[in-house]
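Kindly generate the complete structure, drawing on both the sequences and the hints.
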Amino acid sequence: MKKHLVIILLLISLKSFACTCAIKKLSEWQKYELENSECIFIGEVIEVNDSDLTFKIKVTESLDGGDSIGNIYIGKNWKYCSPYVQENGKWIVYGNMEDGFLRLNMCGISRSFDYPIVNPLPPSPELYEKNTTEKERKKIYEKLRAENIKIALSDLELEIIALRKRRDDE
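Residues -18 to -1, 1 to 152, numbered by mature numbering (1 follows the signal peptide of the UniProt record, and there is no 0), are exactly what the sequence shown covers, in order.
If you're looking for bench data, these hints aren't it; they were derived computationally from the structure. Keep in mind that a hint or two might mislead.
Said to hold, decoys possible - Here are the simulated DSBU-like cross-link-like pairs (lysine-lysine), alpha carbons at most 35 Å apart as the crow flies:
{"no.": "1", "residue 1": "Lys147", "residue 2": "Lys132"}
{"no.": "2", "residue 1": "Lys40", "residue 2": "Lys132"}
{"no.": "3", "residue 1": "Lys125", "residue 2": "Lys147"}
{"no.": "4", "residue 1": "Lys120", "residue 2": "Lys147"}
{"no.": "5", "residue 1": "Lys61", "residue 2": "Lys7"}
{"no.": "6", "residue 1": "Lys72", "residue 2": "Lys117"}
{"no.": "7", "residue 1": "Lys112", "residue 2": "Lys38"}
{"no.": "8", "residue 1": "Lys40", "residue 2": "Lys61"}
{"no.": "9", "residue 1": "Lys7", "residue 2": "Lys38"}
{"no.": "10", "residue 1": "Lys72", "residue 2": "Lys40"}
{"no.": "11", "residue 1": "Lys120", "residue 2": "Lys132"}
{"no.": "12", "residue 1": "Lys7", "residue 2": "Lys58"}
{"no.": "13", "residue 1": "Lys13", "residue 2": "Lys117"}
{"no.": "14", "residue 1": "Lys72", "residue 2": "Lys7"}
{"no.": "15", "residue 1": "Lys38", "residue 2": "Lys61"}
{"no.": "16", "residue 1": "Lys132", "residue 2": "Lys61"}
{"no.": "17", "residue 1": "Lys112", "residue 2": "Lys13"}
{"no.": "18", "residue 1": "Lys125", "residue 2": "Lys13"}
Laid out in structure tokens, this is it:
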């Protein structure tokens, strides 16, 4: 009986640490990020260290006027509810400083320019049809992925334009 109780408590506690990010409209995420970020910039991830879960990112453009171009932040991959930086590349960053590290906002919209998707389109019902071959599924998936990336790149471009306008008007 005690074993069952311990297992149940363990499962309940794991659920409380699980991350579920609500799906919102991009405009809602953007508004939230603007109100809750002390750092908003475009940067280049120049180093990723998997052993201590850190990354270095160099500011290439400040989008809130508060980050010096060329400044290098050390960020921490917190492994839950955050965008996870795993390779070098260009990013849009919304974050805060915590314990000396740049922390990307939990469930936030910081993202890589290589994979800028925030809310992907739902999968096509064709993927689940019994008579669809693996080759056809792969083709459908690739088409959906390409469509998601096209939409996301357009959204990212509009987002950056709006952030620049906001910064320059202040």
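Here's how the hints hold up against the structure:
1. This hinted pair checks out: Lys147 and Lys132 have alpha carbons roughly 23 Å apart, not beyond 35 Å.
2. For the hint pairing Lys40 with Lys132, the CA-to-CA distance comes to about 26 Å; that is within 35 Å, so the pair holds.
3. As the CA atoms of Lys125 and Lys147 are separated by approximately 33 Å, the hinted pair is consistent with the 35 Å bound.
4. Under the criterion of a C-alpha separation no larger than 35 Å, the hint pairing Lys120 with Lys147 is inconsistent with the structure, at around 40 Å.
5. Note on Lys61 and Lys7: the hinted pairing holds, with a Cα-Cα distance of about 24 Å set against a maximum of 35 Å.
6. As the CA atoms of Lys72 and Lys117 are separated by approximately 33 Å, the hinted pair is consistent with the 35 Å bound.
7. Straight-line distance between C-alpha atoms of Lys112 and Lys38 comes to about 46 Å, which puts the hinted pair past the 35 Å bound.
8. About 21 Å separates the Cα atoms of Lys40 and Lys61, which keeps this hinted pair within 35 Å; it holds.
9. Under the criterion of a C-alpha separation no larger than 35 Å, the hint pairing Lys7 with Lys38 is consistent with the structure, at around 30 Å.
10. Proximity of Lys72 to Lys40 is assessed by CA-CA distance (about 9 Å); at most 35 Å being required, the pair is judged to hold.
11. The suggested pairing of Lys120 with Lys132 holds, with an alpha-carbon distance near 18 Å, which does not exceed 35 Å.
12. Between the alpha carbons of Lys7 and Lys58 the distance comes to roughly 27 Å, so the proposed pair stays at or under 35 Å and holds.
13. Pair hint Lys13 plus Lys117 does not hold up; C-alpha atoms about 41 Å apart against a cutoff of 35 Å.
14. Under the criterion of a C-alpha separation no larger than 35 Å, the hint pairing Lys72 with Lys7 is consistent with the structure, at around 23 Å.
15. Distance check on the hinted pair: Lys38 and Lys61 sit about 16 Å apart at the alpha-carbon level, within 35 Å; holds.
16. Of the supplied pair hints, the one linking Lys132 and Lys61 holds, its CA atoms being roughly 27 Å apart against a limit of 35 Å.
17. Pair hint Lys112 plus Lys13 does not hold up; C-alpha atoms about 42 Å apart against a cutoff of 35 Å.
18. Annotation: proposed proximity of Lys125 to Lys13 holds, straight-line Cα distance about 30 Å (limit 35 Å).
This entry does not satisfy hints 4, 7, 13, 17, going by the numbered hints stated previously.
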